[in-house]
Amino acid sequence: MTIESKAATATPTAPTESLERLATALGVRALHTVCDEILTEGGSAPSHPLRQASAMAVVRNPWLDTDTTEDLESHTRRVAPVLAKLLSDRLLKALGGADQVQTFGKAAIVGLHGEVEHGGALIHTPYFGNLVREFLQGSSIICFTDGRATAGSQVRVPMWHKTHAASRAHYQAMEVHLPDAPHADEICVIAVASSGPRPHARIGDRTTDEVITSDILKGITP
Amino acid sequence: MNVRKITTLVEETLSEGGRAVEPAARVVIVAAVIDNPWAGQGFVENLSAGIDAVASDLGALLAPRVMEALDAPLEAYGKAAIVGLEGEIEHGSALIHTLKFGDHFRNAANATTLLPAVEKRAAAGTVFDIPLKHFTDATIRSHHQSVEVRVADAPHPGEILIALAGAAQGRPHQRLAPLGSD
Chain A
20 MTIESKAATA TPTAPTESLE RLATALGVRA LHTVCDEILT EGGSAPSHPL
70 RQASAMAVVR NPWLDTDTTE DLESHTRRVA PVLAKLLSDR LLKALGGADQ
120 VQTFGKAAIV GLHGEVEHGG ALIHTPYFGN LVREFLQGSS IICFTDGRAT
170 AGSQVRVPMW HKTHAASRAH YQAMEVHLPD APHADEICVI AVASSGPRPH
220 ARIGDRTTDE VITSDILKGI TP
Chain B
17 MNVRKITTLV EETLSEGGRA VEPAARVVIV AAVIDNPWAG QGFVENLSAG
67 IDAVASDLGA LLAPRVMEAL DAPLEAYGKA AIVGLEGEIE HGSALIHTLK
117 FGDHFRNAAN ATTLLPAVEK RAAAGTVFDI PLKHFTDATI RSHHQSVEVR
167 VADAPHPGEI LIALAGAAQG RPHQRLAPLG SD
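Those protein sequences? They're chains A and B, same order as listed. Per this note's numbering: the first sequence = residues 20 to 241. Per this note's numbering: the second sequence = residues 17 to 198.
FYI, nobody ran anything at the bench for these hints, they're computed from the structure. Possibly wrong hints are sitting among the right ones.
In the DMTMM-like style, the derived pairs of lysine to aspartate or glutamate whose C-alpha atoms are separated by at most 25 angstroms in a straight line are [claimed, not checked]:
no., chain 1, residue 1, chain 2, residue 2
1, A, Lys112, B, Asp119
2, A, Lys104, B, Asp87
3, B, Lys136, B, Asp73
4, A, Lys104, A, Asp199
5, A, Lys104, A, Glu92
6, A, Lys104, B, Glu32
7, A, Lys112, A, Glu194
8, B, Lys116, B, Asp73
9, B, Lys136, B, Asp68
10, A, Lys112, B, Glu84
11, A, Lys104, A, Glu56
12, A, Lys104, A, Glu153
13, A, Lys112, B, Glu38
14, A, Lys104, B, Glu38
15, A, Lys112, B, Glu164
16, B, Lys136, B, Glu61
17, A, Lys112, A, Asp228
18, B, Lys136, B, Asp87
19, A, Lys104, A, Glu39
20, A, Lys104, A, Asp118
21, B, Lys116, B, Glu104
22, A, Lys104, A, Glu134
23, B, Lys136, A, Glu56
24, A, Lys104, A, Asp90
25, B, Lys136, A, Asp199
26, B, Lys136, A, Glu194
27, B, Lys136, B, Asp51
28, A, Lys104, B, Glu84
Per label pair, the in silico range of CB-to-CB distance [unchecked claim]:
no., chain 1, residue 1, chain 2, residue 2, range
29, B, Thr152, A, Thr59, 36 to 42 angstroms
30, B, Ser64, A, Gly139, 53 to 59 angstroms
31, B, Pro194, A, Glu92, 22 to 28 angstroms
32, A, Thr88, B, Ala55, 57 to 63 angstroms
33, B, Ala55, A, Ala185, 38 to 44 angstroms
C-beta atoms are modelled at their ideal positions from N, C-alpha and C, and glycine is treated no differently.
Just chain A, with the same shape it has in the complex:
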């Protein structure tokens, strides 16, 4: 049985005058945007400062009081695209536009009264991922982390290149703090992006790697 949330009944049929008002109607309580500019690493400045940004929406879990047979499609279709728009807008503003975005990633942290599957519904379907990919002008699968936590924890969100996911120099992560969120009946949905590769990236790539097998352990291991 679908339990219609208060947020669901408030969904307007006509366009709202502001995206933020629509977000509020969908149960978004807060939006946090963070931009880190890393000017030095390991004691020296990289050729270009790395900028990493995260955008997080704290949204009411639309599936409270449902069980594991609940079809998640309708609320996902209603909520996830708006979250994708809100978060992408903030990442693009923080980093200066899609041409400044080289990597991306995403995360969902579900409050204690929800299923991890609820977070997955909001980030692992085309309703979120396709839109973030489109707004940030990428083509890769978006790497992710997810889980369930109480308010005040941290999540380390991975990212990789938005069009060349195997580019090793771009493998990186950003730690996001979740002050006062998620409450037990909420979900934190996060998108991250950065302006470039790791500072001082120097561990080669699959195109430069030698062929390595377990033979390398012969003569070393007992």
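With the hints as your guide, set chain B onto chain A.
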């Protein structure tokens, strides 16, 4: 001044207590992680040389970033100094409790009051709260508020994290009687 990292946080609160906040409440924090100017020098009796070398540049770095990220007239503000484990809390206080630092923010925001502050020594990744008060009258109760901050990986033992915070409004749904009515 050697800056390792600058972190900008923008908090937008769309609802509080189950009721919409319109327009969304905005609070911004900008933090710079710098080398402690007195690192490795033992107990330095007179801190003025380090203050002169760093405090004004820090204020000039942080204040315009807060105003730009806030993107609205500022109504409340505050500051923070988090000293890494090898420093003294006095080192952080030295950098923020001087007009050379704070006047950059006051001038940018047309503010007049003292900036409320938090000073502490902590390991990297500590959670701290920055107090904010009204920018022209620190007795205005509606604008007393705090914002929680955590910068992963800072401050290192030989570093200091210095932050400014600004808010475009008081607390969401503030509804306490003013000070004079108690």
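(message) For a quick check of understanding: which of the numbered hints are violated here, in increasing order?
(response) Of the numbered hints, 1, 17, 18, 31 do not hold.
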